[in-house]
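Colleague: The lines below spell out each chain.
Number of protein chains: 2
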Amino acid sequence: MILVNGVLSEHVRVFDRGLMYGDGVFRTLLVREGRPLCWQRHYDKLCTDCAALGIACPAQDRLLAEMGRLLGTTPDCVLKIIITRGEGARGYAVPEQTEATVILMTGLIPQYPAQHFSDGVRLHLCATRLAIQPRLAGIKHLNRLENVLARREWSDPEIAEGLMLDMEENVIEGTMSNLFLLQGSLLYTPYLGRCGVAGVQRARIMELAGRLGLEVKVENLPLDRVYDADEILLCNSVFGVWQVRELEGKKWRAGNLATRLRAFLNDDALN
Amino acid sequence: MILVNGVLSEHVRVFDRGLMYGDGVFRTLLVREGRPLCWQRHYDKLCTDCAALGIACPAQDRLLAEMGRLLGTTPDCVLKIIITRGEGARGYAVPEQTEATVILMTGLIPQYPAQHFSDGVRLHLCATRLAIQPRLAGIKHLNRLENVLARREWSDPEIAEGLMLDMEENVIEGTMSNLFLLQGSLLYTPYLGRCGVAGVQRARIMELAGRLGLEVKVENLPLDRVYDADEILLCNSVFGVWQVRELEGKKWRAGNLATRLRAFLNDDALN
Chain A
97 MILVNGVLSE HVRVFDRGLM YGDGVFRTLL VREGRPLCWQ RHYDKLCTDC AALGIACPAQ
157 DRLLAEMGRL LGTTPDCVLK IIITRGEGAR GYAVPEQTEA TVILMTGLIP QYPAQHFSDG
217 VRLHLCATRL AIQPRLAGIK HLNRLENVLA RREWSDPEIA EGLMLDMEEN VIEGTMSNLF
277 LLQGSLLYTP YLGRCGVAGV QRARIMELAG RLGLEVKVEN LPLDRVYDAD EILLCNSVFG
337 VWQVRELEGK KWRAGNLATR LRAFLNDDAL N
Chain H
97 MILVNGVLSE HVRVFDRGLM YGDGVFRTLL VREGRPLCWQ RHYDKLCTDC AALGIACPAQ
157 DRLLAEMGRL LGTTPDCVLK IIITRGEGAR GYAVPEQTEA TVILMTGLIP QYPAQHFSDG
217 VRLHLCATRL AIQPRLAGIK HLNRLENVLA RREWSDPEIA EGLMLDMEEN VIEGTMSNLF
277 LLQGSLLYTP YLGRCGVAGV QRARIMELAG RLGLEVKVEN LPLDRVYDAD EILLCNSVFG
337 VWQVRELEGK KWRAGNLATR LRAFLNDDAL N
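Chains A and H supply the protein sequences, listed in that same order.
Take the first sequence: its position 101, counted from the start at 1, is 197 in the numbering used here, and no numbers get skipped.
Take the second sequence: its position 195, counted from the start at 1, is 291 in the numbering used here, and no numbers get skipped.
If you are wondering where the hints come from, they were derived from the structure by calculation, not from laboratory data.
Please read all numbers here as calculations on a predicted model, not as lab measurements.
Just to be clear, a hint being listed does not mean it is correct.
[Unchecked claim] In silico SDA-like cross-links for lysine to any residue, where the CA-CA straight-line distance does not exceed 20 Å:
#1 H/K236 with A/G150
#2 H/K236 with A/T224
#3 H/K176 with A/E183
#4 A/K176 with A/T224
#5 A/K346 with A/D326
#6 A/K176 with H/R109
#7 A/K236 with H/G184
#8 H/K176 with A/F111
#9 A/K236 with H/A189
#10 H/K176 with A/G234
#11 A/K236 with A/G150
#12 H/K176 with A/R321
#13 H/K176 with A/R109
#14 H/K313 with H/M302
#15 A/K236 with H/L204
#16 A/K176 with H/K313
#17 A/K176 with H/A189
#18 A/K236 with H/G187
#19 A/K347 with A/E315
#20 H/K236 with A/D326
#21 H/K176 with A/K236
#22 H/K236 with H/D326
The shape of chain A in the complex, shown without the other chains:
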């Protein structure tokens, strides 16, 4: 089911700057028993991302009211929220008065193989590099051609995700997930101030790590740091946490960090 600006619809106008220029942001989150998980974090991130582009983020009450209408009939789903800058005339200039377009879409929760959670996943090393653009770094905006090109690099269904590096060969993220590397009691995650998307699940793990006796370090990480890691984890708001068991022929045994983190992350009281 889809609401576009509060109206049941599957369409947006072609004048929408989301279509014209990718001028907007989005979120993808899990809904369980009618409750959008980690909602406050997702809303805060929407606001931050909108602000970075100069888009007026819709009020939380409005979004919650519209979500309430959708989630009554689909209490367990993946919810995608798209906020665009709204409509404009031809040309990049933003009209003085714009009203954001709000799209709420529910979808089926993906059924990933149980092995992804028990044994870990295989990873493709993407040739597509992420451009360095501090002005857009961290934001989950609608300009996602790099992710599209990276995802087109493999079609083997045994490969669950692709690992993306930036133009300077730093490891940044998966095409749809963030990355952590465990090395002893240190948990490394790539610096995302120059490219990449700073996801909500990543932020939660960074906060939770202390409870597991781990210290988090945010750094520029060259690829050899991935190969040297004790455990490699991917995370996002839909699948939660996966360990990586194989990357380009190199294999890792199943560790226990993904399982331990999952126990915390599934406790939504910890948000």
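With chain A fixed as given, assemble chain H onto it according to the hints.
Modeller: Relative to chain A, chain H alone:
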């Protein structure tokens, strides 16, 4: 008037990857007396850009037939053509079967001040930098947030365009135009293999320059080369050619290259 996949409509489906990810390309061109100017070049560029993203470009006959329907009622207009990869499920992976979405929109021809053509235009020096991404360089794709952010840097209607540099401080283009620098009998235009859009009007000028006794050089151009130039020209398929008369306080007298080029460019027989 707008045709979406051959049907009169102002809407696209929210599942369209053009909206979801900016997964598509576009063209903006002039139509005079029902004839899309430089059509073959624009179509060829559409094909090249689609191919670079792995999108199947619609056949020329189909586009011409749909354009014929639109242009009968609006023989003088700006025509915007958007080709997206079509619809997909949630997620970056491209479905095995996709059908490109074709959007044709007509709009009014902008009425720029006569002074823009006689005396030249004022330029803003944009703080927003273009990221270096060879995989997308040259393509007029729908990921245009950098242009949007750059265009938001000024609101003074006296300023006609913004000059954009890349992350390494090379001058690349205007937010909606390409750039040429005249220095003696040499005509420089920035190298666009790492970022920027390689426009049709730029290609035409590069080919025509020889008739004006000018040699074209494609180079990485730092900003001081702009300030040192005898004349600075901007071009696109809608306004044609403008000289720059002012950039951040530095002024240039009206030269004659823009006028001379315009005479050639207006002759569509030269395509």
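Colleague: Work down the list of hints and note, for each, if the structure agrees.
Modeller: These are the hints, each one checked on the structure:
Of the pairs offered as hints, the one joining H/K236 and A/G150 is violated, with about 23 Å between alpha carbons and a cut-off of 20 Å exceeded. At roughly 18 Å between alpha-carbon atoms, H/K236 and A/T224 fall within 20 Å of each other, so this suggested pair holds. For the hint pairing H/K176 with A/E183, the CA-to-CA distance comes to about 16 Å; that is within 20 Å, so the pair holds. For the suggested pair A/K176 and A/T224, the alpha carbons sit about 25 Å apart, so the restraint of at most 20 Å is broken.
For the given pair, A/K346 sits about 12 Å from A/D326 by alpha-carbon distance, which is consistent with the 20 Å threshold. Distance check on the hinted pair: A/K176 and H/R109 sit about 15 Å apart at the alpha-carbon level, within 20 Å; holds. With a C-alpha separation of about 19 Å, the suggested pairing of A/K236 with H/G184 holds against the 20 Å cut-off. Of the pairs offered as hints, the one joining H/K176 and A/F111 holds, with about 11 Å between alpha carbons and a cut-off of 20 Å not exceeded.
Restraint check for A/K236 and H/A189: the C-alpha separation of about 17 Å stays at or below 20 Å, so the hint holds. A C-alpha spacing of about 31 Å is found between H/K176 and A/G234, which places the hinted pair above 20 Å, so the restraint is violated. A C-alpha spacing of about 14 Å is found between A/K236 and A/G150, which places the hinted pair at or below 20 Å, so the restraint holds. For the hint pairing H/K176 with A/R321, the CA-to-CA distance comes to about 47 Å; that exceeds 20 Å, so the pair is violated.
A distance of roughly 15 Å separates the Cα atoms of H/K176 and A/R109; the hinted pair therefore holds under the 20 Å criterion. For the hint pairing H/K313 with H/M302, the CA-to-CA distance comes to about 9 Å; that is within 20 Å, so the pair holds. Straight-line distance between C-alpha atoms of A/K236 and H/L204 comes to about 34 Å, which puts the hinted pair past the 20 Å bound. Between A/K176 and H/K313, the direct Cα distance comes to roughly 48 Å. Violation of the 20 Å bound is thereby established for this hinted pair.
The straight-line distance between the Cα atoms of A/K176 and H/A189 is roughly 16 Å, inside the 20 Å bound, and the hint therefore holds. Simply put, A/K236 and H/G187 have alpha-carbon atoms about 14 Å apart, close enough for the 20 Å limit, and the pair holds. Of the pairs offered as hints, the one joining A/K347 and A/E315 is violated, with about 24 Å between alpha carbons and a cut-off of 20 Å exceeded. Between H/K236 and A/D326 the alpha-carbon distance is near 43 Å, which puts this suggested pair outside the 20 Å criterion.
Of the supplied pair hints, the one linking H/K176 and A/K236 is violated, its CA atoms being roughly 27 Å apart against a limit of 20 Å. At roughly 29 Å between alpha-carbon atoms, H/K236 and H/D326 are farther apart than 20 Å, so this suggested pair is violated.
Consistency with the previously given hints fails for numbers 1, 4, 10, 12, 15, 16, 19, 20, 21 and 22, ordered from lowest to highest.
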